[in-house]
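Based on the sequences and whatever the hints tell you, model everything.
Single-letter residue listing:
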Amino acid sequence: MSLIVKNLSFAYRKNKWVLRNINLVIKDNCITGLFGPNGSGKSTLLRCLNGGLKPQIGSVSHNDERIDALPPGEIAKRIAVVPQQIPINIPFSVLQMVMLGRYAHRNIFGISTTKDYDIVLTSLERVGAAHLVDLPFDELSGGERQKVILAQALAQQAKTLLLDEPASHLDISHQLALFSLLRSLTKEGYTIFVICHDLIISPLFTDLIVLLNNNGEIVAHGPPKDILTSELITAVFQAPISLCRKSDSSITVSIDPNLLNPLA
Amino acid sequence: MYDFRKTHTFLVIFGLILGVLLALLIGLMVGSVKISATDIANRIIDKISGTALDDSISRIIFLSRLPRLISAASSGCALALAGLSTQTLFKNPLATPSVIGISNGAALGAIIAQLVSNKLSLGFFELVPLCSILSGLTTTAIIFVLSRKSIFFGYSLLLAGIAISSICSSIMTALLYISGERLQSIMFWLMGGLWLTNWTSASILMLLAFLVLIILLFLSPSMNVALIGEGPAHNLGLNVKKFQQLLLAIIAITTSLVVSVTGVIGFIGLVVPHLARLIIGTDNRFLVPASALGGAFLLIVADTLARTLASPAEIPVGIFTAIIGAPIFLWILQKKISQTYT
Chain F
1 MSLIVKNLSF AYRKNKWVLR NINLVIKDNC ITGLFGPNGS GKSTLLRCLN GGLKPQIGSV
61 SHNDERIDAL PPGEIAKRIA VVPQQIPINI PFSVLQMVML GRYAHRNIFG ISTTKDYDIV
121 LTSLERVGAA HLVDLPFDEL SGGERQKVIL AQALAQQAKT LLLDEPASHL DISHQLALFS
181 LLRSLTKEGY TIFVICHDLI ISPLFTDLIV LLNNNGEIVA HGPPKDILTS ELITAVFQAP
241 ISLCRKSDSS ITVSIDPNLL NPLA
Chain U
1001 MYDFRKTHTF LVIFGLILGV LLALLIGLMV GSVKISATDI ANRIIDKISG TALDDSISRI
1061 IFLSRLPRLI SAASSGCALA LAGLSTQTLF KNPLATPSVI GISNGAALGA IIAQLVSNKL
1121 SLGFFELVPL CSILSGLTTT AIIFVLSRKS IFFGYSLLLA GIAISSICSS IMTALLYISG
1181 ERLQSIMFWL MGGLWLTNWT SASILMLLAF LVLIILLFLS PSMNVALIGE GPAHNLGLNV
1241 KKFQQLLLAI IAITTSLVVS VTGVIGFIGL VVPHLARLII GTDNRFLVPA SALGGAFLLI
1301 VADTLARTLA SPAEIPVGIF TAIIGAPIFL WILQKKISQT YT
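Protein chains in written order, with the numbering used here: chain F, 1 to 264; chain U, 1001 to 1342.
Pair by pair, the computed Cβ-Cβ distance ranges are:
#1 D1054/U with K115/F: 55 to 61 Å
#2 L1207/U with I88/F: 37 to 43 Å
#3 L1278/U with P71/F: 33 to 39 Å
Hints are computed from structural coordinates only; laboratory data are not their basis. Note that the Cβ used here is the ideal one computed from N, Cα and C, for glycine as well.
Next comes the structure, spelled out in structure tokens:
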């Protein structure tokens, strides 16, 4: 049981709670998906998990050590993050960008070794971006950038991987490739916590799902078949959706057009 | 050791070392008394072997030109590194220690001290440099405290700095207005120059430049990580807050110390890091040494021109840093742009 969240509440402004009393155990060697409506605090929770944000109440611990007591360099060796917002105007090449993932493992002179170089190239190959290695990062497309950032996180060689909507810029075949990569990583001992939006592909690859509601509370936590029910999804997302589960565990989603509201 | 495959970068740094040495030699040779390279070599060999003659040429070399050249090289190096650090801290290519008010703060202290003491200081431990350092550091502390509570550290620090900078420059203008016949000498000091240097200031500036260079070389991997933003930098293992505070302290101490000796020499902190970046790219592990050498080179050349062109009069060196630096910068910028878009 590596990553444990206890009684966590977080607010950006005084008494405007974004997350309320979160209790969560992120199971090792599994893919846990975090679902919830826009503004439910998914990204905030993710940033609390590696100490990027400090919760006002409660704590996060990794291997029984509190995250806020660990120096950032030590956290980075244990937990890698693929953020949703990928900075633009980065003046680095793809190679340099992925090499930054080796920062926590750098030697005292900050000189990259052949080992670092090999790890960087392997990471780029695993995400299918080896052909981009010499390009400037800021000339890449959104999807290519997401892959490079994922490679950067892999180069960090931290066994817990937190991803914030890693598929948002990817087409369907690359989404499938991404999730099958995540699946194979769990077999190598990685623990994966991933924020997802789509209810069709990602549930096929997640072992467990955590569902946040608009108040920043966990409403459900369990295997996809228990979470992805028409009642729960309709209640949490306030959308007229009915989910139909087939015997082979795939899901069909249907929408009642009479109940659709245009965006206010 | 894949970093060492970048032969281009190493050639540039090697070329800069040669350039600095050559500029030093020419700087020793030219002036109101011309000294030949062989004379210089002989005097230096004599000095090292302890058999030096105490003639006028020796005195020009060792008491006048050498300390001044060392001060120029060290100040140029320190100013360029302070500029590079400021650009990194704010992730903003236009940020310099003068934009965030540290230069003006230090200059204000020096002007007040000059008006109070009624003399231009020569020594390092006298009123003018001490006031200058203190007020530079005080300005930084005020800016830091004003912006500390904000989530957007860089942005509010920059704005607070610009505000404090304009307050300092208003007070300076007011002081200059009431300074009477001392106006010219204070204006001259403000425009920057190295004629007040001696071995004390040369050794302190050299020590400063050396320490800043070593510290920034060790910080350069962190500077690279800091460029991708605070959140991502934390994810990669950088202690963002500590790094920013350390960098701000380095910028403040370096700028205040240099300004206290030389006045406000503009442009080096802005243009040298950019020049280096255009030539060798953004990797700070190479940008740090390249900027240090480039700053030293530019200020040696500018100062040599400043003291020789209108000899025996002195021209403020700040004029030359811009006149030499800006055209080189524009030329390389044009070349890079045409490479990228053709």
